[in-house]
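Colleague: Kindly generate the complete structure, drawing on both the sequences and the hints.
So the sequences go chain by chain: A and B. The first sequence lines up with residues 559 to 762 when you count with our numbering. The second sequence lines up with residues 61 to 242 when you count with our numbering.
Calculated directly from the structure, the hints in this document are not laboratory data. Even for Gly, the Cβ is constructed at its ideal location relative to N, Cα and C. Fair warning: there could be bad hints in the mix.
[As the list claims (entries may be wrong)] Quick list of the computed label-pair ranges, beta carbon to beta carbon: (1) Leu213(B) to Leu607(A): 41 to 49 Å; (2) Asn236(B) to Tyr684(A): 30 to 38 Å; (3) Tyr684(A) to Val207(B): 38 to 46 Å.
[Unchecked claim] Where chain A lies over chain B, by a calculated footprint (3+ residues, C-beta under 8 Å): (4) 67-76; (5) 221-227.
Given next are the chains, with one letter for each unit.
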Amino acid sequence: MFTNTSKYSTKLDGVSVQKKIVLSCITAAILFFIKNPLVMFFIFLVLMLIYFLAGGLKFLGLGLYHLKITIPFVIILAIWHLYLGNLDNGVTLIFRLISAFLIANLFLLTSKIHDIILAIQKYSFYLKIFRINPHAVSITIGLFIRSIPILNQRAKNLMLAQSARSTKRSFWRISVPLALSILDDADHVSEALRARGGIKEREN
Amino acid sequence: MIEKTSVLVALFAALIAVLGLVPAFPLASGVPITAQSLGIMLCGTILGSRKGGLAALLFVLLTLVGLPLLAGGRGGFGLLAGASAGFIVGFPIAAYITGWLMEKTKSVDILISVALSSIMGGIVILYIPGLIGMMINAGMSLNAAIVAVSVYLPGDILKVILATIVTSAIFKARPNSVLTRT
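Modeller: Structure follows, in structure tokens:
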């Protein structure tokens, strides 16, 4: 269900998820402190160069293709700042948006979702500092990931059942049975968890 | 007890994600109309402040880390530079406040309680970070941002009605399942 990883192999595939996420977050955070449009444009060019050096021209093309979701907002930003006559700020905001997505996509395209989840679960151990049970966090994340395709399939089945009863295909008609089925699942899964020893209390 | 909490948080976070798979209507402002804010309202009205807020927080954190769970398969921290940034950050706050208001209006009729809590948490509170996000990321004035987000209000009113129908139907069928009323 979650397949964001690039089909092209890159030089960043072997770098650990932890290193990539820390670097990506720091770089993305720095973007918010840059106010000069030329500097922002230069960063955009550097990022394109990194894509090219990491995976070649096809990987760069893939990175640019993934920017398509920013197009509506880029158009609005451009029109709005043209209308205000504040081009410098407009250019800065547009290249900040594009660069932030390039950085995030670089991380996602070169990291498997499975590795990202494992890294989160591994480092949830440190949540003990905040008196949060890391075992509970780990199990909750696992259950969350596992439940999405199941609930998605159930919603589709309910839609099919609804279409057998009526020609009207509206989502609201299945919302109550879907919510009730989730509450049923919660009872069953929590009982199954308890039967298998339950979630451990905080470990020292 | 911790098992039930973990499972409810995980399943309702998954519900928010599944609601993102319901086709969204992209708008010119860059923030699409999606059913995910309905999930945020349901987290608050059914699970209550703490569990509802945690479910929304789990969804937001894993979306920002990179899972493509937002409508249109969006994910990653790049979203924080986009038009939806404020709304995404506001999801856990909105779910928490919705749940908190439900807990504080236990004595009121459930229809009124859910409707008021959803309007306050899912619209009023959610729009505050949403507007701030648009002002920061789009360089808009407050008035311009208010005009830009006003197109979402009719859809949000529909979601409030739906959240009220779903929560009250669950309460009638299984009163103990609506944790804000137990």
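Colleague: For every hint, state whether the structure bears it out.
Modeller: To see whether the hints hold, each was checked on the structure:
no.: 1; hint: Leu213(B) to Leu607(A): 41 to 49 Å; verdict: 44 Å, holds
no.: 2; hint: Asn236(B) to Tyr684(A): 30 to 38 Å; verdict: 36 Å, holds
no.: 3; hint: Tyr684(A) to Val207(B): 38 to 46 Å; verdict: 44 Å, holds
no.: 4; hint: 67-76; verdict: holds (count 9)
no.: 5; hint: 221-227; verdict: holds (count 3)
Checked against the numbered hints given earlier, this structure breaks none of them.
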